[in-house]
Amino acid sequence: MKRALLTTACILAATAASAGEDSTLSIEGEDYITQTAAPEHMEYVDTIYSGWTFRTDETQALQMDDFDNPAFVFLDQAIDQWDTVEGSEGKSCSSCHEDVADFAGLKTSLPRVENGELVTLTNLVNECVTERMGSKEWKYSGAKMSGMTALIAHQSRGMTMNVKIDGDAAPFWEQGKELYYQRVGQLDMACSNCHEDNYGNMIRADHLSQGQINGFPLYRLKNAKINTTHGRFKGCMSNIRAVPFKEGGPEFKALELYIASRGQGLSVETPAVRN
Amino acid sequence: MKLKGAIAFATATVAFTGFAAFAETKPMDVSFEDGMVAVSLTGQAGDPVEGRKVFMNRKLGNCLACHQNADMMEQPFHGEVGPALDGVGDRWEEADLRGIVSNAKNMFPDSIMPAFYIDSGYERPLEKFDGKSILSAQQVEDVVAYLLTLKE
Chain P
1 MKRALLTTAC ILAATAASAG EDSTLSIEGE DYITQTAAPE HMEYVDTIYS GWTFRTDETQ
61 ALQMDDFDNP AFVFLDQAID QWDTVEGSEG KSCSSCHEDV ADFAGLKTSL PRVENGELVT
121 LTNLVNECVT ERMGSKEWKY SGAKMSGMTA LIAHQSRGMT MNVKIDGDAA PFWEQGKELY
181 YQRVGQLDMA CSNCHEDNYG NMIRADHLSQ GQINGFPLYR LKNAKINTTH GRFKGCMSNI
241 RAVPFKEGGP EFKALELYIA SRGQGLSVET PAVRN
Chain E
1001 MKLKGAIAFA TATVAFTGFA AFAETKPMDV SFEDGMVAVS LTGQAGDPVE GRKVFMNRKL
1061 GNCLACHQNA DMMEQPFHGE VGPALDGVGD RWEEADLRGI VSNAKNMFPD SIMPAFYIDS
1121 GYERPLEKFD GKSILSAQQV EDVVAYLLTL KE
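Quick mapping for you: the protein sequence lines, in order, are chains P and E.
Heads up, the first sequence is in the working numbering, so the first residue is 1 and it goes up one at a time.
Heads up, the second sequence is in the working numbering, so the first residue is 1001 and it goes up one at a time.
Derived from the structure by calculation, the hints contain no laboratory data.
Note that the structure is a prediction, hence the values are computed from the model and not measured.
Wrong hints could be hidden among the right ones.
Unchecked claim - Computed cross-link-like contacts, DSSO-like style, restricted to lysine-lysine with a CA-CA straight-line distance of at most 27 angstroms:
1. P/Lys246 - E/Lys1132
2. E/Lys1151 - P/Lys234
3. P/Lys246 - E/Lys1059
4. E/Lys1059 - E/Lys1151
5. E/Lys1105 - P/Lys225
Pulled out of the complex, with its shape left as it was, chain P reads as follows:
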């Protein structure tokens, strides 16, 4: 009964399009920045919005209460993983890292350049898994990795995105920007065609957002699991009938840096909830 009601409400809300650009995201009494002036480097957009802004009232509500937010089941699993010994060194994350809360602030500055290479949170975790624990690399967007990266990114919830785009990051940022505006696939579209030129518009049943990543990794109702940025990029590319780049590959990492920079000033929302 409750379910049927919810479905009808969803359809109505979707038809009415905007769930409210003036609504405020507040979780556990703390307010989040879901819209703010676009960073200077963005030429065609004045205001940036979190993807939360474009979701229906029901989906928005799920993110406003940690008890209702289905992502926390996966974060709990990651907390167990944190204490799980694996690999030849007989260590768990907690053998060396006192508290996962020590990673507060990390997500706001990722991806970043280290020794001339662009590294993501996933790369940092895998470095510990392989080199410090002597274990097999975790799959880039696999369940273990998406749960652990969500748990670590969650420690930055409420802090503002602030990635470095100049200096040694500049060439990666430029590459990401180029990819953002490059048309691909049989449908011949660029990320910008939907997420810059048409945010706020309905594309069939979907209310287009700016394609921001401040809420990632996040929970999707569609597949009932934690979804990673690269997983989402891959989905959008397949939808326009293009061969997606490799998850964890140089193209998606550069795109992640560029898109993160389009969200400078938005609050980290991990774990967000989307349809």
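Fit chain E to the supplied structure of chain P, relying on the hints for placement.
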């Protein structure tokens, strides 16, 4: 120049063998003039009933993804990316509509609207779509026939 020659050849074929054997124009050979395509791609009249199905089918035209259409109110979700297509049969001639559906970028440069009748020039297409047009020549004709029924 090359394109014009191809059409002249197609026309000659028609004249020579009669209408029954009209050669279907391949995507590469479609001749655009000011964004319009004057000659039918198949020589067969389009079927508006089929065209309506192609219009709403998510795997074919999926036109409803971007366009509202009052003739399809039974369908729940109408997109807002492009203009509503109500009355489009009054606003445009058949040749314009054939041009817009075949390759809208000739009429509207930099459009988000996909070209439905090209089969090359794609960047990183998924293998199963490589070398293929989104719609067949007859499906384009059917959609055009359907659009011509949308009068206010």
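Hints and how they fare:
1. P/Lys246 - E/Lys1132: 24 angstroms, holds
2. E/Lys1151 - P/Lys234: 40 angstroms, violated
3. P/Lys246 - E/Lys1059: 25 angstroms, holds
4. E/Lys1059 - E/Lys1151: 26 angstroms, holds
5. E/Lys1105 - P/Lys225: With Cα atoms ~39 angstroms apart, lysine 1105 of chain E and lysine 225 of chain P exceed 27 angstroms; violated.
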